[in-house]
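Q: Sequence:
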Amino acid sequence: MAETAKIIGQDKLLEKEVYPRLKKSIPFIVTGQRGIGKSEIIRWAYDHYLSDRLHFSASLSYGEILKLIADTQGIEDYKKMKNTDLEREIIKSKKIALFIDDIERATPKLIHFLTALNDTWTVYMGGNEPFREELKRVTWGKPKIKLEPIDSKDRLRLADYCISKTGSMTPGHEIASRSRGVPARAWAIAKGEIVRNEGERVSGEEINIAPVFLVVVAGIMLMRFVGKGMGEQDLYLLGGMGMAAGLFIRYFISKAERSK
Numbered sequence: 298m299a300e301t302a303k304i305i306g307q308d309k310l311l312e313k314e315v316y317p318r319l320k321k322s323i324p325f326i327v328t329g330q331r332g333i334g335k336s337e338i339i340r341w342a343y344d345h346y347l348s349d350r351l352h353f354s355a356s357l358s359y360g361e362i363l364k365l366i367a368d369t370q371g372i373e374d375y376k377k378m379k380n381t382d383l384e385r386e387i388i389k390s391k392k393i394a395l396f397i398d399d400i401e402r403a404t405p406k407l408i409h410f411l412t413a414l415n416d417t418w419t420v421y422m423g424g425n426e427p428f429r430e431e432l433k434r435v436t437w438g439k440p441k442i443k444l445e446p447i448d449s450k451d452r453l454r455l456a457d458y459c460i461s462k463t464g465s466m467t468p469g470h471e472i473a474s475r476s477r478g479v480p481a482r483a484w485a486i487a488k489g490e491i492v493r494n495e496g497e498r499v500s501g502e503e504i505n506i507a508p509v510f511l512v513v514v515a516g517i518m519l520m521r522f523v524g525k526g527m528g529e530q531d532l533y534l535l536g537g538m539g540m541a542a543g544l545f546i547r548y549f550i551s552k553a554e555r556s557k
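The sequence shown begins at 298 in the numbering used here and counts up by one.
Worth flagging that the hints you see were computed from the coordinates, not collected in a lab.
Source: prediction; values computed, not measured.
Mixed in with the good hints, there may be bad ones.
Claimed, not checked - Taking lysine-lysine and the PhoX-like style, the derived pairs with C-alpha atoms no more than 20 Å apart in a straight line are:
1) K379 to K389
2) K462 to K443
3) K379 to K406
Generate coordinates for the entire structure from the input sequences, incorporating the hints supplied.
A: Shown next as structure tokens:
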């Protein structure tokens with residue numbers, strides 16, 4: 298895959314999971330949190346697929362999508378046809394690969410049509426989970442490629458690229474830190490846009506509180522042991538110290554979350 302273009306932070310994923318499936322025409326679904334880069338992966342896959350194909354968003358109207366497919370297939374006079382006639386012509390004509398973005402926005406009509414094509418056409422999809430029940434008729438059996446925030450070593454590279462394209466005056470290290478590995482956030486910060494829910498937890502970056510939990514349990518056991526020989530006032534004092542320690546630990550956990 299050396300000759301192909303790459304996406305910053307996703308080199309290994311493209312090489313190991315996406316490209317091998319493209320070469321064998323094996324369909325897949327790209328998932329992950331909003332802004333993580335699903336659309337970029339679907340577009341990259343479309344650009345590197347070697348046979349007849351079409352890329353579109355499921356947010357388009359059903360009629361628009363049918364016309365795009367018919368045009369790609371080379372069906373004559375498709376603009377004059379009704380949707381029902383177009384459906385029949387599309388199914389009779391040559392098969393093409395479909396690369397569908399925003400699949401969670403597919404209408405019931407599109408879902409029904411894709412279900413009819415599911416066994417014979419190659420369909421690649423990207424979208425936000427959880428998928429509603431009716432959509433599972435289309436997604437069932439297809440391997441999922443879940444995108445995670447890009448590694449720390451690639452975040453500054455992405456930040457520098459965003460700066461080079463936008464002319465942003467925001468320092469690269471600030472973009473890298475605040476983006477927390479989510480490409481859409483990096484672009485928004487570079488453009489000076491307001492990043493909504495900036496403090497929310499990013500998938501894949503959960504804090505491991507197991508060590509803290511062990512310390513708390515050990516502290517409780519120690520308090521019970523020490524408390525056996527204490528009076529009531531001493532126990533209240535010990536309990537207050539325990540609460541203070543808990544608040545102290547909680548403060549540092551929240552501080553660590555904000556610094557990521």
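Q: Each of the hints needs a verdict: does it hold here or not?
A: Now the hints, each set against the structure:
For the hint linking K379 to K389, the alpha-carbon distance of about 16 Å falls within 20 Å, and the restraint holds. A hinted pair counts as satisfied when its Cα atoms are at most 20 Å apart, and K462 with K443 does not qualify at roughly 27 Å. The straight-line distance between the Cα atoms of K379 and K406 is roughly 14 Å, inside the 20 Å bound, and the hint therefore holds.
Hint 2 alone, counting from the list given before, is not met by this structure.
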